[in-house]
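Trainee: Here's the letter readout for the chains.
2 protein chains.
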Amino acid sequence: MFQITPLDRSNVAAIQQRIDNKTKPPGALGQLESLANKMALIQGSDRLSVANPYMLVFAADHGITEEGVSPFPSEVTGQMVMNFVAGGAAINCFCREFDIKIEVIDAGIKSPLPEHALIKRQRLGAGTANFCQGPAMTHEQVVQALTYGAIRVADCHRSGCNVVGLGEMGIGNTSAAAALMAAFTGLSAEDCVGKGTGLDDAGVRHKIEVIARALALHQHAFDDPMTTLAAVGGFEIAQMAGAMLKAAELKMLVLVDGFIASAAVMAAVAIEPACKDYFIFSHASNEQGHQRMLQHLDVEPLLNLGLRLGEGSGAALALPLLRAACAFYNDMASFESAGVSQV
Amino acid sequence: MFQITPLDRSNVAAIQQRIDNKTKPPGALGQLESLANKMALIQGSDRLSVANPYMLVFAADHGITEEGVSPFPSEVTGQMVMNFVAGGAAINCFCREFDIKIEVIDAGIKSPLPEHALIKRQRLGAGTANFCQGPAMTHEQVVQALTYGAIRVADCHRSGCNVVGLGEMGIGNTSAAAALMAAFTGLSAEDCVGKGTGLDDAGVRHKIEVIARALALHQHAFDDPMTTLAAVGGFEIAQMAGAMLKAAELKMLVLVDGFIASAAVMAAVAIEPACKDYFIFSHASNEQGHQRMLQHLDVEPLLNLGLRLGEGSGAALALPLLRAACAFYNDMASFESAGVSQV
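So the sequences go chain by chain: A and B. Under the numbering used here, the residue at position 103 of the first sequence is numbered 103, and the numbers go up by one with no gaps. Under the numbering used here, the residue at position 95 of the second sequence is numbered 1095, and the numbers go up by one with no gaps.
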């Protein structure tokens, strides 16, 4: 479905050589150096850029909320989408501050919202089914979700965008993400479930029990990424996975947000492992499973600010670091050009 | 010498209440929330701002380089200053990218540089004395250094600046910073000394031995911050301490960079503990003693990117997070204004 070229790493040493000739001790810019190296590999140019960055925020509801896994009611998903289009949410503030265009996608909110120029309608239903009772989605819905996600990214690409951030909103989606994590890693529900938007200890224990029940119900589905997504995924998570795969196909950089976005990464990587080369992990969230998820993916996040909001907020906050990586890679003097003595 | 008002914390709860009314789960913006709270306490306003930010880069040389503690020769300090004024260093790239004005101060480079409009001359000598043989500075030099640093910050303040980043350049200054750290914390040379710009293991062992010798020589000086600075400090470190104290007096935010800047913090805090309220610790550096220094100061840095460059580079990279904190604090909708259900 996606034609992803694995990243050609033959230039890694040449790029690092260029970085090492800059007027600084070798390695002194730490993770910013590996970030610039990765960007140079992907962009294949001597001048790196963050061009016309977009934040795509996918919103959808989850049948699993029937099990009482979130302190917030499903209605909040749609209410927050209206907040996004009014410009009042955290992600709006960060996108304005950092000059990122934002697009909001209704991937399947429970109650359809009024038509709005700023909401892309890519609805797959009125929320997923309760995955404690059966699969969250049909196979057809998963396929359509991947296509829908890909469409949004292809649109961004046509507008000259080369970095896309992916965020989400969906009451109940930490439950879907935890179930996906367990399915893809083999870890227990206990290792994957966290407080989400703010459960107390009893709430977390109940959520673990719900997820454990779902994992037992669907265990036969977990040997294939598409059936896994259908079993315990979400509309917004599957659309994010499609967006990630398309971005990799188009050699765009993907700024991955937190726990939910990383669950979409697990699905995307299971579908087409080469896509991971194009992903930048923006932050380690405060949701307890996320650190372990990042370890499982064998990636190092840029930020660690104790965020647990979603919406793409961590991805937006990391974008200035990409711009800083471009700036030093493009414009920093070499020892020779600056007349500085080298060791 | 400095009249610093301890931060009035009586509004902490009211400010947090305002943050908790924003459309997000309580605490979901992690460290950004405590950052906004601190900024609101300091700025005492309903609208937070990062106004006309400056990066002051203090440069000086160190007599301790005679002991072979750095792989780079002292000449590199002046060469890098010329690189700063030509706009070719990492700090220039980051300041351009993030719209920060940069000012370079010759606090006492070994060989005087040609007159240059962009270099402020606040020279205290041609580098400090070798503190393995006697005090690095005289008492008069320390007093003058504090005054010089304060002058630069007062200038920024007059231009409407309310956030100042402090960086440095000085071959040998990780040795001075390690000695100051040991003096102020009581930790051993081994706990405080690291690789600096890139020593190998034998180089680090030699540097530990040099610092241990200096600590033994000056131990009688360490019960007073001024005599400690004179004994094992540096011109740029003492000027940074003066800049920090003046910024706190003027209720400006100070963005503290890495290991050297944090050593200046230790001196400033020893002189006037209340100043620490005005400091934001931008990052944990890769220099081995820095994490321990931050623990000793009981502060949490914003970034942890494995940087070990100095120049103010980590401070510059953290500035967008301050802008993000202002953005959400100023402009994010409340549950009520956005019509979002609260738990």
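Watch out, some of these pointers could steer you wrong.
Here are the simulated EDC-like cross-link-like pairs (lysine to aspartate or glutamate), alpha carbons at most 20 Å apart as the crow flies [said to hold, decoys possible]:
1. LYS1101/B to GLU103/A
2. LYS1038/B to GLU1300/B
3. LYS101/A to GLU1097/B
4. LYS195/A to ASP1020/B
5. LYS1195/B to ASP331/A
6. LYS1195/B to ASP1008/B
7. LYS251/A to ASP46/A
8. LYS120/A to GLU66/A
9. LYS251/A to ASP20/A
10. LYS1038/B to ASP1008/B
11. LYS120/A to GLU103/A
12. LYS1101/B to GLU97/A
13. LYS101/A to GLU1066/B
14. LYS1251/B to GLU1209/B
Just so you know, the hints here were simulated from the structure itself, not pulled from any lab data. Treat the numbers as computed from the prediction; the structure is a model and nothing was measured.
Trainee: For every hint, state whether the structure bears it out.
Mentor: Each hint tested on the structure:
1. LYS1101/B to GLU103/A: Violated, at about 33 Å.
2. LYS1038/B to GLU1300/B: Measuring from Cα to Cα gives roughly 13 Å; hence the hint holds.
3. LYS101/A to GLU1097/B: OK: LYS101/A and GLU1097/B at ~19 Å, within 20 Å.
4. LYS195/A to ASP1020/B: holds (17 Å)
5. LYS1195/B to ASP331/A: violated (27 Å)
6. LYS1195/B to ASP1008/B: violated (40 Å)
7. LYS251/A to ASP46/A: Holds. LYS251/A to ASP46/A sits at ~16 Å (cutoff 20 Å).
8. LYS120/A to GLU66/A: violated (27 Å)
9. LYS251/A to ASP20/A: Distance ~25 Å between LYS251/A and ASP20/A Cα, so the pair is violated.
10. LYS1038/B to ASP1008/B: holds (10 Å)
11. LYS120/A to GLU103/A: Holds: LYS120/A and GLU103/A sit about 8 Å apart, inside 20 Å.
12. LYS1101/B to GLU97/A: Since the Cα atoms of LYS1101/B and GLU97/A sit roughly 19 Å apart, the hinted pair holds (cutoff 20 Å).
13. LYS101/A to GLU1066/B: It is violated: about 54 Å lies between the C-alpha atoms, which goes past 20 Å.
14. LYS1251/B to GLU1209/B: violated (41 Å)
Checked against the numbered hints given earlier, the structure breaks hints 1, 5, 6, 8, 9, 13 and 14 and satisfies all the rest.
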